[in-house]
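Chain residues, written in single-letter form:
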Amino acid sequence: MRKLYLTLKYLFIGLWSMFVVAPFLWALSTSFKDFNSVTGGATYIPWVDFEPSLEGWRVLLRSPAQGGVNIVEPYFNSIVVTCSASFISIFLGTLAAYALSRFTFKAGFIKNSDITFFFISQRIMPPIVLSIPFFIMLGKLGLLDSMVGLVMVYVVLLMPIAVWIMVDFFNKVPREIDETALIDGCNPYQAFYKVVLPNSVPGLIVAGMFCMIFGWTDFFFAFILTFTEVQLLPVAIVALNSSITPWWSLSASALVSVAPLIVVAFIVERYLSKGNLSGALK
Amino acid sequence: MNFKHKYLFLFPGLLVLIGILIFPVGFTVRLSMSSWDSFFPGLDYIGLENYFRLFQDDSRFWEAFGRLSFLSLTTVTLQYVLGFALALMVWKDIAFKRFFRVLFLIPMMTTPVIMTVIWKTFFHESLGPVNDFLNIFGWNPLWLSSEILSKVTVIIVEVWQWTPFMFLLLLAGLLSLPKEPYLAASIDGAGPYRTFIYVTFPLMAPISIGAIIIRLIEASKIMDTVYVLTSGGPGTATETSSFYIFIKGLREFQFGYSAALSFTYLIIMIISLTIIAKVLVRLMIRE
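Respectively, the protein sequence lines represent chains A and B.
My numbering puts the last residue of the first sequence at 282; the count rises by one with no breaks.
My numbering puts the last residue of the second sequence at 569; the count rises by one with no breaks.
No lab work stands behind these hints: they were computed from the structure.
Be aware that one or more of the hints could be misleading.
Stated by the list, open to error - Some chain B residues flagged as far from chain A (calculated, every beta-carbon gap over 10 Å):
{"hint": "1", "residue": "F305"}
{"hint": "2", "residue": "S317"}
{"hint": "3", "residue": "W344"}
{"hint": "4", "residue": "L355"}
{"hint": "5", "residue": "I396"}
{"hint": "6", "residue": "P411"}
{"hint": "7", "residue": "A467"}
{"hint": "8", "residue": "D506"}
To be verified - 25 Å max Cα-Cα, derived PhoX-like pairs, lysine-lysine:
{"hint": "9", "chain 1": "B", "residue 1": "K560", "chain 2": "A", "residue 2": "K9"}
{"hint": "10", "chain 1": "B", "residue 1": "K288", "chain 2": "A", "residue 2": "K3"}
{"hint": "11", "chain 1": "A", "residue 1": "K194", "chain 2": "A", "residue 2": "K172"}
{"hint": "12", "chain 1": "B", "residue 1": "K461", "chain 2": "B", "residue 2": "K374"}
{"hint": "13", "chain 1": "A", "residue 1": "K194", "chain 2": "B", "residue 2": "K461"}
{"hint": "14", "chain 1": "A", "residue 1": "K111", "chain 2": "B", "residue 2": "K461"}
{"hint": "15", "chain 1": "A", "residue 1": "K9", "chain 2": "B", "residue 2": "K461"}
{"hint": "16", "chain 1": "A", "residue 1": "K172", "chain 2": "B", "residue 2": "K461"}
{"hint": "17", "chain 1": "B", "residue 1": "K379", "chain 2": "B", "residue 2": "K461"}
{"hint": "18", "chain 1": "A", "residue 1": "K172", "chain 2": "A", "residue 2": "K111"}
{"hint": "19", "chain 1": "A", "residue 1": "K3", "chain 2": "B", "residue 2": "K374"}
{"hint": "20", "chain 1": "B", "residue 1": "K288", "chain 2": "A", "residue 2": "K9"}
None of the values given here were measured: they were computed from a predicted structure.
A virtual CB, placed ideally from N, CA and C, is assigned to each residue, including glycine.
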């Protein structure tokens, strides 16, 4: 009985791992193909099944004038926009979450939990609902196709996540910590900055991770609110997908775009194994 | 604790959020009462006409909404079951625990729209590896251009992408469970199956509900996957609400009407998510 269970367990884990890895392996193999090896039917192993070519990878570095896409600039744009939006969201979100966790607010029937729900409810709105008014608003402000405009929009997307995670987290940090700091002569800002914040690093890491993931992987707003000046990575990659789909360069760019977040996966796992993450998520 | 400084903590974030959102939300409501389209761009006032049109003549919107409900409920259920199973398996000591934990997280880190392009080549009907394999048995299913299979393909891609999210939340929950109930269960001689039913599952219920609701919120916005994989086709077989609003608004430029669609959709979503949350609480948390 126990043996059967163990067999089934490893079988399931094995099958799921294959499912997770399959598209990556396929992309890796495809990125070394050229037009002929793609249209000849499905092939897998370079040198055995097809003659490898580096065309897919070279296209990513060539300028558009030479028939490439030059992925470097969109890559840089994506990093700048994601990092600044995440930073602003976490900064403002953490302050708000601290207030919501420690102090009581009351205005008529509105209480702390209602304010928290107001933050989280911003995630319910589908991007499409906001896209048209955002388009008009950024147009009026002259911020269409600019980094500032995108960062503004992403702050709205990411701050609810930061608030959601940090409220939960601060609720689990004992109140005695701040009270002791206040008795020792700190003012409220110092108590927050010098005592509570250093104790909340795991929470900040988790909130940061979620903000990074959702910012880095957004396509819709970047697609609608930018044209040529500020291209983000997902938009640049999807733009490759024109009349003839260049499978090779699409695959190569997909692999390149995943790379920075694999590092994030390792950081998350480290905190998960230490058991710190469990405090950050309910 | 109470300070006069407390507003200095809350207000920067709250005001920034409201400041950025007040125009888009207010404008959507106002726009939904106008006939703004590509022929007559302008904010005229036509009352609730767009809403009458939506409730009386637009069956395509309601079909899209039905399809969205089907797709999001199916994918979230699958994600929950699979994510819970995977979290349980790497919870206790197994060989290469940390390796599997990182591996299972990775799909969430990828950009949906880019991975979907890869999936599209993966399921390509004549050049992709899936049909290459199935051809051995003489099958050649039309993954992207048949009514039923195109939905299955969308579900497979969504499950691949977002099961890790469920997995992460549930694993973090499992790792923070108290030890005492398990001691009590083992003293009472409960086997692994009964321990799960009577100890693990009830303890995990609040986390499960939170995870399911958040995934439902995110899954109902499904758009990127459909846009790249099938563009809503064949016909309207995979057209979801977001995609239909996208077509009306940014393809046919019926801004007024699409604002009415958006606002109606938003109201329906808030109501149905509240109901789902209440039902889940009643089903999963027994006294």
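For a quick check of understanding: which of the numbered hints are violated here, in increasing order?
Numbers 1, 5, 6, 8, 9, 10, 13, 14, 20, in rising order.
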